[in-house]
Amino acid sequence: MIKTLKNLFIKNPIGLLSGAILLVYTLVAIFAPLIAPPTPYRSPYEIPRDGFAIAPKPPSAEHWFGTTEGQFDIFHGVVWGTRTAFKIAAVVVSCGFVLGILIGGISGFYGGVIDEITMRITDIFLSFPFLLAAMVLATVLGKGLGSMIIALVVFRWMTYARLVRAEVLRLKQITFVEAAHAIGAPNWRVLVRHILPNCVYPAMIQASMDIGRVVMSASALSFLGLGVEAGYADWGQLISLARNWIIGGAQGAFQYWYTVIFPGGILFLFVLSWNILGDALRDVFDPRMRGVH
Amino acid sequence: MWAYIARRLLIFPVTLLGLSILVFSLSAFLTPEERLMAYIHSPLQVRGPEVVAQMLEKHGLTDPLYEQYWRWLKGVLQGNLGFSTTAQEPVAQAIAKRLPATLELVLLAIIPIILGGIVLGVLSAAHHNKPLDHGMRLIAITGWSMPTFLLALLIMMLFYGELRWFLPQRLSYWAKDIVLSAEFVRYTGLNILDGMLNGRWDIVGDALRHIMMPVLSLVLVDWAALCRITRSSMLESLHQDYVRTARAKGQQERIVVFRHALRNALLPAVTFGGMLVAWLLAGVVITETIFNYEGVGSFAAAAAQQLDFAGILGFAMFFGTLMISMNLIVDLTYAFLDPRVRLD
Amino acid sequence: MNKKTMSRLFLAVVVGILTLSAAAFATASDEIVVAHIGQITSIDPSYANWSSNSNTVYSAVYETLLNFAKDSLTSYVPMLATVVPSRDNGLIIDTPGGETLITFPIREGVKFHNGGDLTADDVKYSYLRKLTLEGPGGESSVVLQALTGYENLDAWAQAFEPAIETFSEASDATVQAMFAVLDGAITVDGINVTFRLTQPTGLFLQFISHYQAAGIIIDKEWTVLQGAWPGTAETWKDFYNPNEEDTVLYGVANGTGPFKIARWDITNQEMSLTRFDDYWRGPAAIKTIRLQYVEEWSTRLLMLQNGDADFAYVPPNFMPQVAGLPNVTVADPSPSGVIRVVFFQQIIAEDSRFLGSGQLDGDGIPYDFFSDINVRKAILHSLDWDRYINELLGGNAFQIKGACSRLCAPNELDIPVYSYDPALAEQYFKAAFDGEVWENGFKFTAVHNAGNFLAKSALEMIREELRAMNPKFDFEIHASTWNEFIPLRTSSQIPMFYSGWGFDDPAGYGTVNAYMASDGYFNPYMPGLVELAQQPGGIDEILDKALRTFDDVERNELLAEVMTISYENATHLWLVEEAVQMVYRSEVKGWYHSPVQPGINMPGIDWYSLYKD
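Chains as they are written, first to last, in the numbering used here: chain A, 1 to 293; chain B, 1001 to 1344; chain C, 2001 to 2613.
Be aware that one or more of the hints could be misleading.
[Said to hold, decoys possible] List time: in silico DSS-like cross-link candidates among lysine-lysine, alpha-carbon distance up to 27 Å:
{"hint": "1", "chain 1": "B", "residue 1": "Lys1058", "chain 2": "C", "residue 2": "Lys2472"}
{"hint": "2", "chain 1": "C", "residue 1": "Lys2472", "chain 2": "A", "residue 2": "Lys143"}
{"hint": "3", "chain 1": "B", "residue 1": "Lys1058", "chain 2": "B", "residue 2": "Lys1074"}
{"hint": "4", "chain 1": "C", "residue 1": "Lys2612", "chain 2": "C", "residue 2": "Lys2589"}
{"hint": "5", "chain 1": "C", "residue 1": "Lys2377", "chain 2": "C", "residue 2": "Lys2430"}
{"hint": "6", "chain 1": "A", "residue 1": "Lys143", "chain 2": "C", "residue 2": "Lys2456"}
{"hint": "7", "chain 1": "C", "residue 1": "Lys2589", "chain 2": "A", "residue 2": "Lys143"}
{"hint": "8", "chain 1": "A", "residue 1": "Lys57", "chain 2": "C", "residue 2": "Lys2456"}
[To be verified] These stretches of chain A come out as covered by chain B in the derived footprint (C-beta under 8 Å, 3 or more residues):
{"hint": "9", "segment": "35-49"}
{"hint": "10", "segment": "221-229"}
It should be emphasised that the hints constitute simulated quantities derived from the structure, not laboratory data.
Glycine included, each C-beta is placed from N, C-alpha and C at the ideal position.
Chain A on its own, in the form it takes in the complex:
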């Protein structure tokens, strides 16, 4: 384990850097109430506004990152948006993960008709590109963090299910499982005790790579106007508030740079770090990649 961690970080400075960046994000999410204190009586996720004027205002002592269209404080939105991002990522990825392990595990382990049916259902769900599927479902469910998360979960389990199923099929052939069968252990016990724990790794690598994608898809939904309610702290929402100002105004193309750079850059860095970390994890843990190093 220590060796793998060493592999992961020491030999891979970029991986280390991305890990450090993600640590900062985590700290920001944890200490959000201290960094950007919420207004009394209001949900902390509600971005405070300083008036209702339309044009965004540049960074100032009062608003470190400036304000968006409609005077939402970008700093507050970005800080609490970090929590939202972790929330979305955690719920979507872990739900997808659990669903995928259950479905893939059962499908691979029992095989036959069950396998056939579940895999065809998986195919049907896979027949939509993720963003499109989530877009359709979010439209139907209506605005809000909850419906967005549901929309993302419903179409996020299939990759895990396929991965786990393939892994289960492989493990079934391996001696120790056959031995467990031979000594008369019940099916569910073999599945839970011997097979599933061994399939978790590939699914976990997949999960780490998914976090970035999920958060990016969520922000795309917000950009299309299908995400969280207006004023809810969320990076995608902040970027969508910048949408109409990105190309600037009479004072040049970069007049409203802060509306894009802060939320956009923070989203990009978050996604990038997760992707790099996921890559690094895969290089270290993926059994098929082990021989490579």
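With chain A fixed as given, assemble chains B and C onto it according to the hints.
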């Protein structure tokens, strides 16, 4: 292999049926009144609460869901996906009209993606853990982490706002006047191809100028994905026994890479072709909207934003069918190409 | 593809890019491109869709007998008629029987786009088609009322057959009798068309001078040939109240206006109009007009910057971005004429999903929440007008006094308005529902149309004020599309909602009637307001007088009286009328602001007056 193909073909209609159930069950989340929206084409249709009740009755929106499903399915089988209020025409017609535009976009984007992605992926793998590999991976992962909408807006700012090289929409008005005139034969609906077939190179040039920005934003994001996949499957096959053997036999590294490893590595990349089309089609939703490019993607985005439920569900049904058919084709091709495919 | 083709393709790309970079960057010198966001629906002038977007097309393609004089809201110029009728020139005659006869001599030598000649018969047919095709709530209701005494066909049919509820159920005999009345009300004598007004209507000329109303003249022969109503009583019902896309003039037009439809590309949401060379006032300076729907604001802005669009719709919130752009003219602010209003539903449908718990327990409101005048008054005192107008609209707006634009005469009169007063608001909340409102708080959902920044901000400002007043006060804000909104509104489901109304008529009667009369456009679904309007001596009776009178001063006073009743009863939250600024390329000349000119979600354009330097 024949048994495999027969089974795949048999399952195909079953999968489509499943798809229709999935799509329809999405609409079960809606209240009858919300489903009624698909039938309201004009404010004048609804002149009182009694009209709402009458319309619910008339369209059977308060019937049990299985009855509604059956009715809907019958409609879908006859090509009737409902009336889209965003497009102001039946959904099937709306999609059919916009499909060539999206097809043109996807076809044009897919060439550089496949070429760039595979070549750079192979190069990266061949130089495994060398600076070239690291650089390539960094670029690829950066592209892969870039939100399409941000990239598209930046591209528009640069190429239309500052440089003025490329233009939004599909054609300039002068070109559109020619394309829609009687002298110009619309063979395919793809402007570039039709321009060539009609010998109108000015149209080809104009169409290219308009399509460049959406193509660019699709390419920059999706190229990275293919590059990553090619690289890892290449790495895998480079460590297969037969490749090692080839190396051991003292063959040139170039030959090892291109003759032995690449052939195998390309198989997953072929499968990936199907996925790529799916990604591109997802990408067009945002790019088409931003560049005012009237294709299937911007239609879907508009339908979603304007709560045009018939439009969005019709689009889902159409799209799902397309993807399932494509997967079938990919699987069958694969079965012919790769003798190892068995009944699994 | 052989080598030759390849190299030609390559050459084409290079040459194309090089030459076009120089050529195609601005619109042509005789072309006007409008980048807008108003979806054009039916362009059949008889199909009233209340959508100003189609009206933009009408103003280029069709004409009316009279039009408003340039820069005037009260005087007319003859268009397809040769004289403006008046009592002085003997073309308006009051009969001893209490009827009014108005005669229009029709202009000779006017051609339709297909080459046909305009005749008095075309005029009669145009009016009849509009009157017979429209269902209740149509744009021609004032004209119908003037000619027959009934505001819609349903009520009129009922006068013949009390047992029926709608015109569709009327017997053949009734239809024949009704047709005979209409046929006799508009008579043709040579080049003259005479309207017989059974009910004197001072505003008749105004209502036929406007593109929205029954005034548009179409070609009878050609229209019937397309499969439209042939003009007979027997076929009336077959063509009555059709679906939008079922009318024959849905996408084609044959008018007398300076431009004709060249193409309507619904897929790309582009409408092209070309100059009509045989136009009776002489061909227009501009050859081609393109109405292009462009949803994305950034794209519209860049099109304007690059000269690829001559006019672009700039939402008021994005004005800072166009101020000072080179080669772009931003016109002086002028009143939009658009009335912006928040409605209170006094009797909400009890099954509404917007009521929360449905009780005054802090998680909802009862169905009759807004029937307590204290609640309404409290909310009316909670909006900070100054802040709304200055922060949101850059000071370019005015609080309105009621259902009447600043452009309308009654607005000059002394009518009280609500002002921002949190202390008073608190007092009213404490009085509402015997103090229960203040004690328990409330929660409900307010609705506005999606994408309307002004509506959203008004609701947000009120919400912020209420929350600060009492943390137990709250409401959600739901953005709705029209096809969701209309069924909800017509079934009285929404507690509080926003709506707007474009500039309708300079006299102010149309908007006041739409908002305040018991059968006004909005009110059949507003039980509380219907009751108020129907009171003896109440709004309905006052409005009836206002419609009949030919005396402008009397009409203005009557309308002001209705607006005062609205104030006293706190019926609506009358928001503001903002000033709008047209944004266009500086090479475009000849644009002037005219509030009666229909616009496509932006100030109107008189297409015929445009030219380019």
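Please verify whether Lys2612/C and Lys2589/C have alpha carbons no more than 27 Å apart.
holds, 6 Å
Can you confirm whether chain B covers the segment 221-229 of chain A, using C-beta to C-beta distances below 8 Å and requiring at least three such residues?
With 4 residues close enough to chain B, the hint holds.
CA of Lys57/A to CA of Lys2456/C, is that 27 Å or under?
Given that 27 Å is the threshold and the Cα spacing comes to 20 Å, the pair holds.
Verify the proposed pairing of Lys2472/C with Lys143/A, using a straight-line Cα cut of 27 Å.
holds, 24 Å
Take the C-alpha atoms of Lys1058/B and Lys1074/B, compute the straight-line distance between them, and say whether it is at most 27 Å.
holds, 17 Å
Given the hinted pair Lys2589/C and Lys143/A, is their Cα-Cα distance within 27 Å?
violated, 45 Å
Stated coverage of the segment 35-49 of chain A by chain B [criterion: 3+ residues, CB within 8 Å]
Violated: only 0 residues of the segment 35-49 of chain A have a Cβ under 8 Å from chain B.
Under the criterion that the straight-line Cα-Cα distance not exceed 27 Å, is the pair Lys2377/C, Lys2430/C satisfied?
holds, 12 Å
Going straight from one Cα to the other, do Lys143/A and Lys2456/C come out at no more than 27 Å?
holds, 15 Å
Quick one, are Lys1058/B and Lys2472/C close enough, alpha carbons at most 27 Å?
violated, 43 Å
Violation of the numbered hints given earlier is confined to hints 1, 7, 9; the remaining hints are satisfied by the structure.
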